[in-house]
Amino acid sequence: MTQEIDLSKLPPAEPYDEARDKAQRKRLLDVWQEPPGWKIISAVNNDHVGKWYLLTSFAFFVFAGILALMIRAQLAVPDNDLFGQSLYNQLFTLHGTAMMFLFAVPIFEAVAILVLPEILGARDLPFPRLSAFGYWCFLIGGVFVCGSIFFGVAPDGGWFMYTPLSSNTDYSGLGADIWLLGLSFIEVSSIAAAVELIVGVLKCRPPGMRLNLMPLYCWYVLVVAGMILFAFPPLIAGDLLLEMERAFDWAFFDVDRGGDPLLWQHLFWIFGHPEVYIIFLPSIALIATMLPTFANRPMVGHSWIVLSAVGVAFLSFGLWVHHMFTTGLPEISLSFFSAASEAVAVPTGIQIFCFIATMLVSKVRASVPMLFAGGALAIFVFGGLTGVMVALVPFDWQAHDSYFVVAHLHYTLIGGMLFPLFAGIHYWYPFVTQKAMSDRLGTWSFWLMFGGFNLAFLPMHWTGVMGMPRRVWTYDVTDGWAVLNMVSTVGAFVFAAGFAVLAVNVLWPRGRQPLVERNHWNAGTMEWVAEVPDKPWGIRSIPYIHTRYPLWEQPDLMGQIDRGEWFLPDAEEGKRELIVTDILDARPLYVQRVGGPTFLTIGSAVCLGAVFILATYHLWALTLAFGVGFIGFTLWWLWTGTSEIPERPEKYAGRGLTLPTYAQGNRSPGWWAVFITMTGDLTAFMGLVFSYFFYWTALPDFFPSADQIPGISWLLLGLVGLVAGWLMTVAARRLLGEGRRGMAVGLLCGSVPVGFAGLGAWCLAAWQAGLDPTAQSFDAMVWMLILWMGLHLLLNALMQLYVAARILARICTPDYRADLMNLTLFTHFLALTAVVIFALLAIFPMLMGAA
Amino acid sequence: MEELFWVLLIGAAVLWTAVIGAAVYAQKRQVDPSLERQARWFIIWGGAVIPTLLVGGLLAWGMVILRDITSDTGDLTVRVDGERWWWRVTYEGPEGDVVTANEIRIPVGQTALFRLTADDVIHSFWVPALGGKMDMIPGRETTLALTPQEVGNWGGLCAEFCGGAHALMRFDAIVMEPGDFEAWLAAEAAPAQVSEDDPGFAVFQEEGCGACHAVRGTDAAGPVGPDLTHVAAREKLGAGVYEMTPQNMALWITETHEMKPDIDMPPYPDLDGARLDALVAFLMSLDHAE
Amino acid sequence: MTRESDKQPGGYGPPGDAPRLIGQGSVWIMVAAPTIWALHFVASYTFAATWCAKAGPSLAEPRWIIAMMGVICVALIGWLALLAVRRYGGVFVIFEEITESSERARDRFIGHVSLLLCILSAVAIVFTALPGFFFSTC
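Keeping their order, the protein sequence lines are chains A, B and C.
With full-length UniProt numbering applied, the first sequence corresponds to residues 1 to 851, in that order.
With full-length UniProt numbering applied, the second sequence corresponds to residues 1 to 290, in that order.
With full-length UniProt numbering applied, the third sequence corresponds to residues 1 to 138, in that order.
Think of the hints as simulated: they come from the structure by calculation, not from any bench.
Relax, there's no trap hidden among the hints.
Derived DEER-like restraints, expressed as beta-carbon distance ranges:
#: 1; chain 1: B; residue 1: A18; chain 2: C; residue 2: F47; range: 33 to 41 Å
#: 2; chain 1: A; residue 1: W620; chain 2: C; residue 2: G25; range: 50 to 58 Å
#: 3; chain 1: C; residue 1: M68; chain 2: A; residue 2: V720; range: 35 to 43 Å
#: 4; chain 1: B; residue 1: R37; chain 2: A; residue 2: T443; range: 32 to 40 Å
#: 5; chain 1: B; residue 1: T73; chain 2: A; residue 2: V720; range: 55 to 63 Å
#: 6; chain 1: C; residue 1: I72; chain 2: A; residue 2: G574; range: 54 to 62 Å
Far from chain C by the CB rule (all over 12 Å, computed), these chain A residues:
#: 7; residue: L409
#: 8; residue: K435
#: 9; residue: G451
#: 10; residue: P509
#: 11; residue: N522
#: 12; residue: G629
#: 13; residue: L638
#: 14; residue: W714
#: 15; residue: V752
#: 16; residue: W767
#: 17; residue: A831
Backbone N, C-alpha and C fix where the C-beta goes; we use that ideal spot for every residue, glycine too.
Using the sequences and the hints, build the whole thing.
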């Protein structure tokens with residue numbers, strides 16, 4: 001049934017029949033057609049969501065760019081009073097924040113959502129509604145954060161929001177809350193996208209696309225999405241601590257109450273450094289995809305690029321302290337991070353040498369995308385070399401927090417991220433719009449931007465060496481920085497002019513211009529199979545792939561796909577369908593039905609956005625109301641759109657292949673999504689665990705006297721309750737499988753009070769020990785861990801009752817029980833969390849002789 | 001240290017030229033299919049082996065330098081406490097502490113060990129011309145050893161964004177001949193010479209300046225703001241921002257927040273001409289004894 | 001044995017899609033070596049930080065422990081590299097891209113990349129262990 005496909009034994013395609021082709025195309029069109037008129041906003045297909053994502057990210061880029069120009073205008077001359085101190089502090093904070101969180105990371109998600117399914121020859125991503133939800137979260141959060149500057153309350157603590165400047169409400173106002181809550185909300189959308197993309201690459205490849213045949217772009221997406229999963233959660237943990245201190249005065253960063261401001265720096269940079277590579281790798285991925293097209297040959301050293309992507313991903317997690325070289329940590333600690341910072345240069349260099357090697361054995365066609373790629377190389381290599389410099393502690397002590405670092409980071413990000421992205425814009429523009437861009441304008445915009453960029457940022461290295469620190473709104477004429485700053489300002493405006501030319505080139509109305517021919521650049525990757533003019537279904541039929549560059553190496557593939565000779569050429573049941581395959585060899589496993597247009601995800605995102613925004617203003621009653629709304633919309637969305645029992649257990653997919661129409665457990669994308677999400681959740685939890693040990697290491701008297709340590713008997717009882725709740729869910733899965741529905745429902749409902757009773761015992765233990773989270777960091781940490789468990793139990797309760805209701809409604813049945821399997825997986829993680837918290841609260845103090 | 005800087009700078013220039021040169025060469029030369037094998041060796045040597053050796057060597061060298069420039073002892077110890085947005089400076093002498101503010105004087109050729117703390121938010125102590133910077137973190141004490149080689153006023157500043165007037169948080173870092181330094185420190189240690197009937201001192205007391213500022217030798221002992229015992233002996237006003245002139249001093253008192261926004265000191269716009277003049281004259285008299 | 005989580009409705013489809021651990025036919029071997037680097041890195045950092053905070057300025061003992069950890073980790077990576085070569089048929093230098101469509105080619109590809117990652121991770125571990133030779137006090 002779903003075995004390895006042997007190409008030689010595959011039955012031949014049925015002879016072409018024009019009437020059948022027309023009928024199939026009509027049915028596909030009916031299913032994949034976007035909603036008409038204004039209802040287009042309910043679309044969830046990757047074409048639309050990807051485009052919106054892209055345009056929105058660029059809108060934030062323009063916004064943050066204007067802020068940058070304002071910064072440069074202020075610094076153009078010494079003793080300038082164009083913008084005051086207060087506005088300037090908001091300008092640079094918001095510039096960094098918006099560029100990082102609202103442009104650089106989202107643009108990766110935008111491009112991936114737009115291009116990845118097409119490169120995979122898939123019709124969509126596995127959870128289209130989740131992408132749409134993520135997009136709306138991103139839009140609402142981004143507008144909220146950026147809009148704050150028009151009311152003069154934008155965050156003004158620098159984009160890394162160091163405590164205690166950001167934690168003490170005497171030193172920072174509403175801006176810090178807006179930063180924290182707005183960005184937490186956006187991080188939700190990033191993690192949603194990461195889950196989507198990982199599952200997309202692992203499970204939605206076309207039949208036959210084994211790991212060794214997978215395009216480089218997919219490797220990069222997989223690696224980067226995995227990095228997001230491990231990098232963003234520690235920041236979410238940090239955000240939680242910081243907001244608890246700001247809103248409820250919990251003692252996490254206040255020195256007088258046993259807090260430590262350095263903890264924030266750790267949590268922030270554990271996120272912040274991988275983030276740089278999260279931004280950089282996807283853009284390198286674009287070059288790795290474009291270069292073979294223009295070189296007209298496969299990439300040389302394909303496997304070395306995979307090595308370097310995976311290697312960079314790992315090493316980038318060992319760099320975070322190089323942002324903290326001047327915090328007085330022991331030299332040996334600094335040197336570990338210096339070592340990793342130097343080591344990461346090796347895999348980074350390998351990628352670049354693979355590109356050069358490819359150029360060595362081919363003749364690269366001159367084109368605007370390659371012009372941008374060349375500019376990227378020149379800029380990025382320079383930024384990389386200054387990176388090697390600042391990775392050395394003695395050098396960094398001089399360069400840190402000076403304009404040298406400002407120059408370095410812009411060289412890496414603009415060379416490593418922005419220029420490749422612009423190359424990608426020129427490359428995929430015909431793919432998205434079916435029209436060609438103007439080469440002349442493209443060349444102009446490149447040279448303006450390349451020249452302007454170097455004019456602006458090259459002198460900044462020297463400004464920094466001369467001693468100009470970052471984030472100063474004014475300087476004195478006697479400092480001697482005036483000429484260099486003026487040059488930088490001129491350069492910044494030339495750069496902006498270049499971008500304006502590019503924007504005109506992109507947005508120029510091309511209504512009358514003829515459509516491009518299909519596969520405009522003669523590329524080898526699957527996205528160029530798209531018909532001209534474009535069709536909403538993505539791909540006419542899903543082919544069997546057995547090469548790395550199918551359009552070059554599989555003769556007549558395009559024709560076969562167009563004639564519907566491959567899999568799923570039809571949509572008889574009127575459902576949007578994808579083929580889900582296995583991780584290693586992309587053997588077809590089953591046909592997944594995905595959701596179509598809906599307003600539910602918008603409702604859900606709007607309510608969640610309202611929760612975060614209202615919480616900023618401490619309007620708790622309204623926050624609660626919208627929280628209920630969010631839960632309502634989300635449950636409605638899940639209930640009506642997921643794990644539906646198919647009308648028949650299997651269907652014919654074409655070419656002799658019959659596939660099941662339902663899957664559960666680890667064969668279903670839903671299970672993997674839960675697994676991946678919970679891995680991220682566990683990482684956030686590890687951020688809290690790290691905080692606990694950090695306090696223990698940094699503070700000699702972290703543990704209070706023995707009578708203030710929560711009693712072990714109540715803690716143990718609590719653990720028993722929590723573990724019992726988990727076991728009841730596991731038992732329910734087995735019982736439902738055996739057909740005992742009533743018992744299963746009983747166990748699921750029963751596990752809710754049992755779990756809460758366990759949590760209650762923990763609260764009692766902390767309460768009896770007299771722990772007050774506003775008094776000491778130990779107390780705050782204990783309550784934080786209990787709160788973390790409590791939030792998860794709330795979610796758990798909702799899900800238990802949801803699945804129980806699904807069983808009663810006979811949507812979740814003894815045979816079709818994906819919901820319950822996913823829930824069980826969730827509770828595995830819950831039980832693990834409970835055990836670790838128990839160890840931290842009860843066992844570790846005992847081992848250290850504190851209890 | 002300076003050697004490291006030049007090696008890195010020239011090394012970076014050479015490597016950049018080599019990589020970009022390789023790319024240009026690769027693009028210009030004729031396509032030659034026999035290069036397939038060489039292309040792979042090119043990746044291995046150019047991308048992996050040589051960079052590994054280079055960065056490995058740099059790492060080791062950097063650690064050697066780091067080991068040499070860090071030190072726990074100095075010929076003299078100066079405690080500097082970062083405040084929003086000024087510096088509390090304390091010299092640890094044999095006859096007890098000497099407190100001053102916003103100006104650091106150290107003898108040439110000797111190692112000064114700075115013990116750095118902060119009270120409110122994180123600051124960073126940096127004299128660009130003399131060497132590296134070090135953060136000042138609430139709840140911790142960090143140290144930085146500097147050994148100046150040349151006499152002069154080098155200027156220092158706060159390098160870590162500390163909110164509000166971060167840009168105006170500066171100080172003078174004055175390197176002196178050892179003999180001059182000893183004399184300066186002795187003068188700084190002496191109490192202020194204030195006559196009880198100084199009309200300016202009366203204004204100082206009536207306006208409550210002493211609640212925040214200390215003037216040793218009088219009963220003004222406020223710990224909140226900078227010590228003013230020898231304020232007029234400093235080169236700058238407002239934490240290294242304005243020249244120490246009577247005009248600036250008057251402006252500082254009446255238009256404080258135009259001079260330096262957001263600071264805690266309240267402005268005294270209602271001080272009338274005569275009383276203001278007296279107060280300024282008094283403050284400008286707080287110089288070292290001749 | 002069919003695990004509970006592998007059961008499919010009505011028995012449609014073959015059981016199991018969870019990738020195996022690191023034996024032949026797995027993706028996990030690719031991340032195994034860098035994971036060892038990460039664990040070694042975190043262990044070295046945590047150990048040194050805790051030692052400096054709790055025990056005291058002399059690093060005499062931690063230096064040796066960090067070096068020993070490095071040796072053990074490199075040995076572990078060596079074993080992984082052996083696995084990548086023997087079981088997966090991974091080689092260090094390839095002159096032909098592994099583009100054949102077969103399970104064996106996929107394994108060879110994974111073995112080759114894993115071998116490269118083993119080497120990179122071993123180098124990174126040596127880098128991480130280096131500071132132990134340079135600093136004798138906190």
